[in-house]
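Student: For the record, the sequence lines run as chains U and H. Following my numbering, the numbering of the first sequence begins with 1 at its first residue and continues without gaps. Following my numbering, the numbering of the second sequence begins with 1001 at its first residue and continues without gaps.
Keep in mind the hints are simulated off the structure, nothing from the lab. For glycine and all other residues, C-beta sits at the position ideal for the given N, C-alpha and C.
Within a straight-line C-alpha distance of at most 27 Å, the following computed DSSO-like cross-link-like pairs (lysine-lysine) qualify:
(1) U/K33 with U/K332
(2) U/K20 with U/K263
(3) H/K1108 with U/K108
(4) U/K202 with H/K1202
(5) H/K1033 with H/K1334
(6) H/K1020 with H/K1332
(7) H/K1157 with H/K1263
(8) U/K33 with U/K70
(9) U/K157 with U/K263
(10) U/K156 with H/K1202
(11) H/K1218 with H/K1263
(12) H/K1156 with U/K202
A few chain H residues that don't get close to chain U, going by computed Cβ distances all over 12 Å:
(13) D1013
(14) E1029
(15) R1100
(16) E1136
(17) Q1192
(18) H1199
(19) H1262
(20) E1331
(21) L1336
Have a look at the derived ranges for each label pair, beta carbon to beta carbon:
(22) H/K1334 with U/D190: 55 to 65 Å
(23) H/K1088 with U/K70: 55 to 65 Å
(24) H/H1008 with U/D190: 46 to 56 Å
(25) H/L1048 with U/K70: 51 to 61 Å
As a plain string of letters, each chain reads:
Number of protein chains: 2
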Amino acid sequence: MTKATDIHLSHADLVALLQKIFAKNGVSENNAKILAENCASCERDGSLSHGIFRMAGYVSSLNSGWVDGKAVPEVEDVGPAFVRVDAKGGFTQPAMLAARPLLIEKVKQNGVAVLAIRRSHHFSALWPDVEPFADEGFVALSVVNSMACVVPHGGKKAVFGTNPVAFASPRAGAAPFVFDQASSAIAHGDVQIAARAGHDLKPGMGVDRDGQPTNDPKAILDGGALLPFGGHKGNSIALMVEILSAALTGGYFSGEFDWSGHKGAQTPFTGQFFIVIDPARGGNDVFAERVAGICDLVLEAGQERLPGDRRHVTRAKAEKDGIPLSTENYEKLKALANA
Amino acid sequence: MTKATDIHLSHADLVALLQKIFAKNGVSENNAKILAENCASCERDGSLSHGIFRMAGYVSSLNSGWVDGKAVPEVEDVGPAFVRVDAKGGFTQPAMLAARPLLIEKVKQNGVAVLAIRRSHHFSALWPDVEPFADEGFVALSVVNSMACVVPHGGKKAVFGTNPVAFASPRAGAAPFVFDQASSAIAHGDVQIAARAGHDLKPGMGVDRDGQPTNDPKAILDGGALLPFGGHKGNSIALMVEILSAALTGGYFSGEFDWSGHKGAQTPFTGQFFIVIDPARGGNDVFAERVAGICDLVLEAGQERLPGDRRHVTRAKAEKDGIPLSTENYEKLKALANA
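Chain U on its own, in the form it takes in the complex:
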């Protein structure tokens, strides 16, 4: 029997393996390195729904001709504190990294700057996009829309994507405070797991194909849709994400792009928005200590853990012992790399 942790790879080795897979499937060397690094980091941190689990989807989408792995993003300097990027139908991560030096320069110069990415595909977690800003001392907020699978509160037809919001802030004496949360009540993967196990969901997770509330995961998957988290409040956040990620950037709304001509396409073709703030501006040099203070208060009040903390524990273990992979998954990756 294959144990779940048969293989342990160093982060560098996993990156190299994934990079080879991306390169084999029409991704340029620069973009392959970025995507491999991103995906390996998700696997390393235990964000397994966005780790190597996604590789088959990346490959399928690339081979469908839906996403351009060789896209060279075009960075536009449109204002002292405003950067736009046309991702040219490629992935957002290379687009973001292409704009990042200019963005950071603008944040330092002005105290805040925004980055608006359009015509971009996002297929990963959102925390890897914001955490590095906090590592450099900045506060970062990012939103990205995806593909229509969430009905508006009280509605019957999917309009929103899962539309995550991610936030990162420096925290003195600890890893940055980071959260990355979907605006939907539940992740699609968890609905699939419940369907397979034959378990009902808690109320409020989704609707069936007629827009009626259901606790049956199969009914949600069979033409139904998810609900926003937290009723009308999560709904408003999902709508704000559409406005910032698509209307403001010039990208597509979650229900707007047409991938029907690309069999196997899986990556949402939308937009992404970043707000990055320099907390040191204005002489508030105790910021990171203050953030540590409020985080401590929350833990002292009885909250079990802060979002992101479990990732850092998993990361530290992986850095010591290697990233655990099952033999089966490792063989699958090798097969993709040598296909």
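Starting from the structure of chain U, add chain H where the hints point.
Tutor: Just chain H, lined up with the frame of chain U:
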């Protein structure tokens, strides 16, 4: 029996009456005008928990010596896109308005700018702070922390304030899209109104002084606390609001200020943060039409109404017929004005 709509006042007349009350209670002429305008606008729009209902609390807090009605805010230009304001222990609305021309200039110049207000008291709704930015064509996001009355998710001790988030965006052919939502499952003002009216709350809104779930608003107010909306996700938003409103501005956290020496004090002494974006920057001149488009899609999908829309209906009616007040409330206001 007193009907709820015995009296109808014009907005100008209600502002004048409230202004007189503020002036009687130690508020400077400039600040009284701003606060009266704000409070009357809440009443006009049907935001009753932040309308004239709050006047007794304003008066009590002013007379306790806790808030300085005569405070003159100090605006600090700390970067090309960053404004700070020391509200000097006064209300945030005059502090925001003192900084607003400089903030708008910076937004136009740079594409985005932020405003960090500290040592400020916020006792009203948040939508009046953001909606005017959208009226001028800007996208605005604001957060404000308040007083510890919300337990962290899974926790037992109140750490967060109700910590609202407000967002406003231009929308072509319609009033701006605006939401203003507490990070708590219910607004504190609504708990107070329910307690006064003797109504039970829906389940999931709060806990009593022993941390047990309760639907009794009086049990929540009597040593109990509210819960965050949407479980751990609303909780993360509440924590982000503390970080932006207090850590980043240099203000107090919701659980940090000490008003014990000021009997009758009711106004939270914290901070407030604004991000204001110029959507026209970068040539995206179809922005407002795109926002109207996604709002239409949400309504077509079956959502009953967008947040803010009911306020605009109520406002239009009040502008035609006057703002409805019960005789009892009108007499109370007159008594405060002539005290």
